[in-house]
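For the protein sequence lines, the chains are X and U, in the order given.
1 is the number of the first residue of the first sequence in my numbering; add one for each residue after it.
1 is the number of the first residue of the second sequence in my numbering; add one for each residue after it.
Since the hints were made in silico from the structure, they are not lab data.
Remember, predicted model here, so these are calculated numbers, not experimental data.
Positions of the beta carbon are idealized from the N, C-alpha and C atoms, including for glycine.
Careful, some of the hints might be misleading.
[Claimed, not checked] Which bits of chain U does chain X cover? Going by a derived footprint, with three or more residues having C-beta under 8 Å, they are:
no.: 1; stretch: 140 to 151
no.: 2; stretch: 235 to 245
[Claimed, not checked] What the simulated footprint calls covered on chain U by chain X, stretch by stretch (three residues with Cβ under 8 Å from a Cβ of chain X suffice, anywhere in the stretch; the number is not a length):
no.: 3; stretch: 52 to 65
no.: 4; stretch: 190 to 199
no.: 5; stretch: 256 to 263
no.: 6; stretch: 346 to 356
Protein chains: 2
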Amino acid sequence: MNEPIFSYAHLSRFAHDVFLKIGCSEEHAAVAVESLLRADLRGIDSHGVARLSGYVRLWEAKRVNSKPNIRIVHETPSTAVVDGDSGLGLVVAPHAMQIAIAKARQAGTGWVAVKNSNHFGIAGHHAMMALPHDMIGMAMTNASPLVAPTFSIERLLGTNPIAIAIPAHTQPPFVADFATTTAANGKLEILQRQEKKAPLGWIQKKDGAPSSNPNELKDGGALIPLGSDREHGSHKGFCLGAWVDIFSAVLSGANYGPWVPPFVSFLAPPANPVGEGIGHFFGALRVDAFRPADEFKKHMDNWITRFRSAKTIAGEEKLIIPGDPEREFETTRMKTGISLNAKVASDLKVLGNKFGLSF
Amino acid sequence: MNEPIFSYAHLSRFAHDVFLKIGCSEEHAAVAVESLLRADLRGIDSHGVARLSGYVRLWEAKRVNSKPNIRIVHETPSTAVVDGDSGLGLVVAPHAMQIAIAKARQAGTGWVAVKNSNHFGIAGHHAMMALPHDMIGMAMTNASPLVAPTFSIERLLGTNPIAIAIPAHTQPPFVADFATTTAANGKLEILQRQEKKAPLGWIQKKDGAPSSNPNELKDGGALIPLGSDREHGSHKGFCLGAWVDIFSAVLSGANYGPWVPPFVSFLAPPANPVGEGIGHFFGALRVDAFRPADEFKKHMDNWITRFRSAKTIAGEEKLIIPGDPEREFETTRMKTGISLNAKVASDLKVLGNKFGLSF
């Protein structure tokens with residue numbers, strides 16, 4: 001596949017201009033671009049500029065407020081609830097994570113639940129904001145219901161990702177960032193484009209029967225919680241998705257479960273909301289609230305080194321430490337540019353034309 | 001199977017007497033019994049009185065200190081590190097959870113990492129301690145290495161469980177408590193007793209090939225992280241197990257990864273420890289540090305009711321809310337008694353004889 005390649009500078013300038021065109025302030029545009037582009041840099045192509053026109057459509061549908069007044073509505077020494085005022089999640093999330101970091105500085109840890117927000121890009125980006133402060137970062141979000149819990153044929157949860165970023169000393173940080181389903185929706189989109197089948201255990205039909213059709217969700221099917229089936233622990237994946245949903249939305253006052261508004265602008269949000277917008281949850285833990293930071297980080301080096309050098313199954317070179325593949329992507333793409341799917345590139349060209357911007 | 005049945009009162013009196021015989025104070029014995037028996041009540045038979053003689057053997061091997069001086073060695077407003085002084089995890093864990101609850105009362109949340117402890121029974125028991133205070137409780141622990149991360153043939157992690165207990169209003173609480181592997185080790189023990197095969201995806205042979213032999217671990221095999229294989233997300237299960245290990249042990253100063261001492265007394269702990277004992281991590285979040293407790297709990301009722309009434313796959317009566325099966329067990333067994341495997345019952349009889357106690 002000969003995909004067009006764009007520099008980070010080019011893509012970020014274009015995205016910045018688009019955010020300005022929909023009314024974002026310079027400051028918010030810069031924050032949004034950093035959140036958005038981090039996905040492209042880290043190889044999570046489904047969550048980067050490929051979604052830019054989707055965000056614009058949500059703004060056109062008046063579901064995204066480009067001039068949000070993001071504010072704390074309740075707080076204690078180690079917690080806060082933030083009202084995102086329908087802002088872009090790409091802006092609201094870093095704002096909330098900064099509050100978590102500031103709380104952690106004072107109280108040892110900081111935990112921020114967010115309501116009235118929108119999709120926030122990749123969870124890992126927000127969690128990683130804690131790293132330069134010698135803190136552990138956590139980020140999670142609920143999302144449009146696409147997942148049927150174990151035994152259900154109804155879609156009641158989103159792919160509800162969890163990210164955890166943990167600093168090390170000379171080793172790169174441990175950065176886990178994963179959907180609580182067997183496979184993220186972005187993986188299905190790739191199979192759809194390639195017209196390939198999905199492995200069994202990723203998707204079920206509308207009656208709950210196994211399916212390998214990556215288009216099954218259009219026909220009433222559903223994604224499946226991590227574990228694939230009851231015998232292999234899908235009830236545990238359901239626990240994880242439920243945990244993310246409750247912390248992100250029931251704690252904050254956002255919509256939860258089947259009430260979470262759809263990401264796509266052509267589907268209307270549920271008529272009887274149980275909260276405001278979608279919800280996120282962030283955590284920051286100061287490492288030296290537990291033990292001296294240097295001591296902790298040297299033990300993390302030891303942890304990472306020991307695991308990375310594990311004896312592997314024949315044919316596998318090494319055990320992969322969470323965050324390794326994304327970091328390699330980030331280094332390479334920052335240097336050599338970001339390849340975009342041809343459809344995504346032409347979609348961005350159309351978006352540019354709309355605003356008189358050349359892509 | 002005609003298993004002997006014992007009342008809660010009988011088993012708890014016996015366990016209490018055993019703990020006194022090994023030198024526990026009255027107070028510690030009472031706390032240990034409550035932790036231990038909660039597993040039997042909730043139907044997690046592998047973690048209850050079936051382990052009592054194992055704890056005694058660890059005491060005989062001088063790896064359990066029955067008179068621990070459990071103390072805070074470092075703290076901030078929302079965090080603490082506790083040194084368990086080699087005490088029974090059954091005693092150390094509730095002590096640490098009380099500290100988390102007290103911290104949450106002041107700071108909104110409380111987070112306690114524990115080093116120098118031993119196995120703590122079921123994680124769910126400790127997490128549930130938060131519920132009467134209108135708090136969310138979390139508990140996790142690392143454990144003896146039995147699990148090979150994705151692509152590894154070495155056992156580097158324990159089954160590292162996570163428990164999350166969330167209060168509701170008129171509905172019973174949401175209580176998730178699960179090993180971060182496809183199947184917990186207790187499930188293998190049951191299959192071993194029944195001489196049955198395990199499903200593929202639970203266990204691998206020492207070279208990493210799939211196995212259905214529940215005795216495979218005796219031959220160098222390993223349990224597998226939740227997800228079963230790379231294609232079905234076992235790298236996510238690895239992330240979860242790693243998270244538990246790092247929070248429980250690298251934050252606290254306990255042993256982590258392959259250095260965690262084995263539960264069985266006949267295997268010596270690693271000669272080059274990287275910390276002290278095994279580690280746990282606890283959290284308590286005051287619900288009203290986020291929104292009024294009544295409001296939160298009524299939304300939890302709505303969440304639970306909506307999920308429980310989901311349309312199900314043909315043949316399945318209803319979606320199971322985490323904690324439902326264990327609560328039903330607890331209600332029944334408190335009334336009608338606890339059935340024990342015949343081998344466990346005779347093992348307890350032998351244990352009683354050793355101490356001059358009748359079982």
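Hints, one by one, checked against the model:
no.: 1; hint: 140 to 151; verdict: holds (count 3)
no.: 2; hint: 235 to 245; verdict: holds (count 9)
no.: 3; hint: 52 to 65; verdict: violated (count 0)
no.: 4; hint: 190 to 199; verdict: violated (count 1)
no.: 5; hint: 256 to 263; verdict: holds (count 3)
no.: 6; hint: 346 to 356; verdict: violated (count 0)
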